[in-house]
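There are 2 protein chains.
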Amino acid sequence: MTVNPPGRHDLLTIGQLSERSGLATSALRYYERMGLIHATRTTGNQRRYARGALRRIAFVRAAQRVGLSLDEAKVALDRLPERRAPSGAEWDGVAQSWQSRIDEQIAELERLKAKLTGCIGCGCLSLTRCSLYNAGDRAAAGGPGARYLLTRDPATGPEPAARELTE
Amino acid sequence: MTVNPPGRHDLLTIGQLSERSGLATSALRYYERMGLIHATRTTGNQRRYARGALRRIAFVRAAQRVGLSLDEAKVALDRLPERRAPSGAEWDGVAQSWQSRIDEQIAELERLKAKLTGCIGCGCLSLTRCSLYNAGDRAAAGGPGARYLLTRDPATGPEPAARELTE
DNA sequence: CTCCAACTTGAAGTCGACTTCAAGTCAAGC
DNA sequence: GCTTGACTTGAAGTCGACTTCAAGTTGGAG
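Protein chains in written order, with our numbering: chain B, 84 to 250; chain X, 84 to 250.
Because the hints were derived from the structure by calculation, they are not lab data.
Any given hint could turn out to be false.
No copy is singled out in the list; a pair is fine if it fits within one copy or between any two copies.
[Claimed, not checked] Taking lysine to any residue and the SDA-like style, the derived pairs with C-alpha atoms no more than 20 Å apart in a straight line are:
1. Lys196 - Gly98
2. Lys196 - Gly150
3. Lys196 - Gly176
4. Lys196 - Met117
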């Protein structure tokens with residue numbers, strides 16, 4: 084299974100892009116419909132991708148990894164120029180936003196880890212004392228949008244749901 | 084909207100559990116169908132939850148946060164005794180497995196972060212040199228199933244996917 | 001005893017992210 | 001110039017994780 088010879092093939096077919104990105108061609112078409120990547124067409128109407136597409140895809144996958152939707156990834160990618168190849172600084176700006184996102188994500192995992200050791204695994208039946216157990220109620224009591232320790236759906240519930248559970 | 088009076092109500096209605104867990108009642112019923120939580124029934128067939136349900140829910144949410152499906156969470160929870168309240172040691176064993184899972188997750192995010200700074204944001208147009216850019220190609224060349232740097236489908240590829248990117 | 005919010009059920013709907021399918025077109029090696 | 005595999009399209013299907021709906025039942029305050 085030889086990959087196309089290195090050289091001046093600047094444009095990739097969807098099959099080649101699939102092979103290199105690890106995504107199914109159907110996914111690539113889907114990404115295109117979503118506006119995440121773009122292709123030129125041959126006279127015969129087949130897609131041809133510039134190599135920049137690989138980078139965009141890499142970015143999208145990275146975004147998904149840190150918990151973003153394709154729509155969110157698109158918002159970020161839309162900051163890049165479409166026609167010409169983005170400059171380093173441009174990519175940088177986009178990547179920058181993920182830095183913090185990733186840091187956030189890491190921080191949250193660290194917190195979760197701490198809670199897990201400190202609480203879920205503690206076998207504490209003194210519920211009033213258990214942070215994991217109580218955190219959600221605290222947060223919820225703190226105002227609308229505040230959710231369970233482990234939740235992060237921003238769309239749901241402005242209710243004063245889940246009060247303090249000291250009991 | 085008063086919540087039930089504090090006292091010796093050991094069993095929670097689905098509404099109360101919803102309020103305390105932050106999950107919709109529909110989600111709780113769904114969790115029950117999935118076997119993640121269990122309820123006893125009143126003579127009138129209404130669900131009553133023991134307080135342990137809250138802990139199980141906390142666990143499930145935690146599991147989701149680190150990227151596990153409900154099915155996977157169930158596997159872990161199934162290690163707990165159903166009838167009686169799990170002991171600290173039992174919870175500990177379950178939580179333990181998440182420790183490593185979380186660590187893994189964190190490590191991967193750290194890697195991602197490093198890559199992002201080092202590459203996506205680097206603006207390097209010397210593509211032969213760009214790891215993120217090339218990782219996919221390497222992987223693809225490495226054989227079928229080899230996936231992109233940012234993927235983690237475990238079903239796919241024990242390949243030497245995405246090698247060290249010194250080049 | 002009455003009333004109404006809170007509960008019950010099964011079935012169907014939703015959403016994101018794709019995949020699968022059918023039916024047809026393109027392109028490149030012989 | 002023919003064949004064959006890679007490509008094209010739109011529509012429909014899938015999967016996980018829920019939500020919504022309709023129609024009926026329960027339970028606790030007054």
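Hints numbered earlier in the text: which of these fail when held up against the supplied structure? Hint check: 1 and 4 fail, others pass.
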